[in-house]
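Novice: Sequence:
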Amino acid sequence: MSRRKRRSNQRNRKEAPHAVDQNYSEDEDIRLNKYIAHCGFCSRRKADDYIAAGKVKVNDEVVTQMGVKVQRTDRVVVEGEQLNLEKLVYILLNKPKDTITTTDDPRNRDTVMDKVEDATGKRVYPVGRLDRHTMGLLLLTNDGDLANRLMHPSYEVRKTYEVETERKLKDNELQELQEGIELEDGFAKAHSIARTPNGFVLTIFEGRNRLVRRMVEYFGTEATKLKRIDYAGLNLNNVKMGQWRYLEEREINALRKLVKLEPLNFKK
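Take the sequence shown: its letters are residues 167 to 434, numbered as in our numbering.
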């Protein structure tokens with residue numbers, strides 16, 4: 167589903183209970199790439215690409231210079247679309263298997279956006295990725311600052327997975343996972359690991375591509391079930407497979423505190 171079609175389908179949706187305005191005053195200067203990102207259009211880095219390509223207008227003038235600042239009262243247009251600062255929205259999804267972690271899929275496969283398209287008329291984006299066959303907890307938001315920090319390796323965000331494997335791993339292999347193994351892109355280890363009746367639960371603080379699956383493959387087998395059950399202290403309690411909920415105020419500010427961002431004031 168295209169961005170434009172999705173937005174038309176989302177008109178008149180109910181406002182998120184914990185949506186919060188971006189507290190820029192009318193005369194506050196905002197870097198143009200930051201403004202574009204905070205309108206939910208794309209990341210700051212991608213915004214720089216749009217600016218360099220001459221696809222951004224400010225008050226009907228094309229802007230190609232980096233570092234230009236705007237105010238929320240300015241008219242900013244990217245590729246013919248006028249942007250507006252959107253309220254910040256935070257969604258927790260219990261992602262099913264065979265769902266693509268992307269905003270649009272050219273092959274028309276089921277995406278995480280299809281699961282939350284009734285949530286809000288605002289554009290939200292997945293925080294990181296779960297591969298197609300991995301289930302479980304996925305955050306979506308238009309808070310670019312929070313998303314970028316949660317995904318940055320330096321903040322070491324906790325992630326916990328339920329794992330089942332084709333061949334049951336031996337005790338010494340689980341111990342080796344906790345002590346650390348050498349993969350093709352470097353050293354990897356579980357922060358904690360515990361056996362379950364059908365497999366094990368593993369916690370990591372990294373976000374490398376397909377890391378848990380590759381840790382399992384190191385032992386000559388593969389994960390037959392992989393489900394993220396915890397992310398940055400959030401869990402899937404009372405959220406059924408394929409369902410979603412809005413984050414609560416305390417959860418939003420706990421995430422922001424975790425990555426050293428100022429708390430949001432929901433009383434304004």
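Honestly, the hints are just simulated from the structure, not real lab data. Heads up, some of the hints might be wrong.
FRET-style restraints, in silico, Cβ to Cβ [stated by the list, open to error]:
#: 1; residue 1: 248; residue 2: 433; range: 23 to 33 Å
#: 2; residue 1: 363; residue 2: 406; range: 16 to 26 Å
#: 3; residue 1: 417; residue 2: 240; range: 46 to 56 Å
#: 4; residue 1: 212; residue 2: 192; range: 19 to 29 Å
#: 5; residue 1: 388; residue 2: 318; range: 27 to 37 Å
Each computed PhoX-like pair below joins lysine-lysine, with the alpha-carbon atoms no more than 20 Å apart [stated by the list, open to error]:
#: 6; residue 1: 200; residue 2: 426
#: 7; residue 1: 391; residue 2: 406
#: 8; residue 1: 355; residue 2: 336
#: 9; residue 1: 263; residue 2: 406
#: 10; residue 1: 200; residue 2: 235
#: 11; residue 1: 212; residue 2: 235
Using N, Cα and C, we set each Cβ at its ideal position, and we do this for glycine too.
Novice: Are the hints correct? Go through all of them and say.
Specialist: Each hint, compared with the structure:
| no. | hint | result |
| --- | --- | --- |
| 1 | 248 with 433: 23 to 33 Å | 30 Å, holds |
| 2 | 363 with 406: 16 to 26 Å | 22 Å, holds |
| 3 | 417 with 240: 46 to 56 Å | 33 Å, violated |
| 4 | 212 with 192: 19 to 29 Å | 26 Å, holds |
| 5 | 388 with 318: 27 to 37 Å | 29 Å, holds |
| 6 | 200 with 426 | 18 Å, holds |
| 7 | 391 with 406 | 17 Å, holds |
| 8 | 355 with 336 | 16 Å, holds |
| 9 | 263 with 406 | 13 Å, holds |
| 10 | 200 with 235 | 9 Å, holds |
| 11 | 212 with 235 | 17 Å, holds |
Checked against the numbered hints above, the structure breaks only hint 3 and satisfies the rest.
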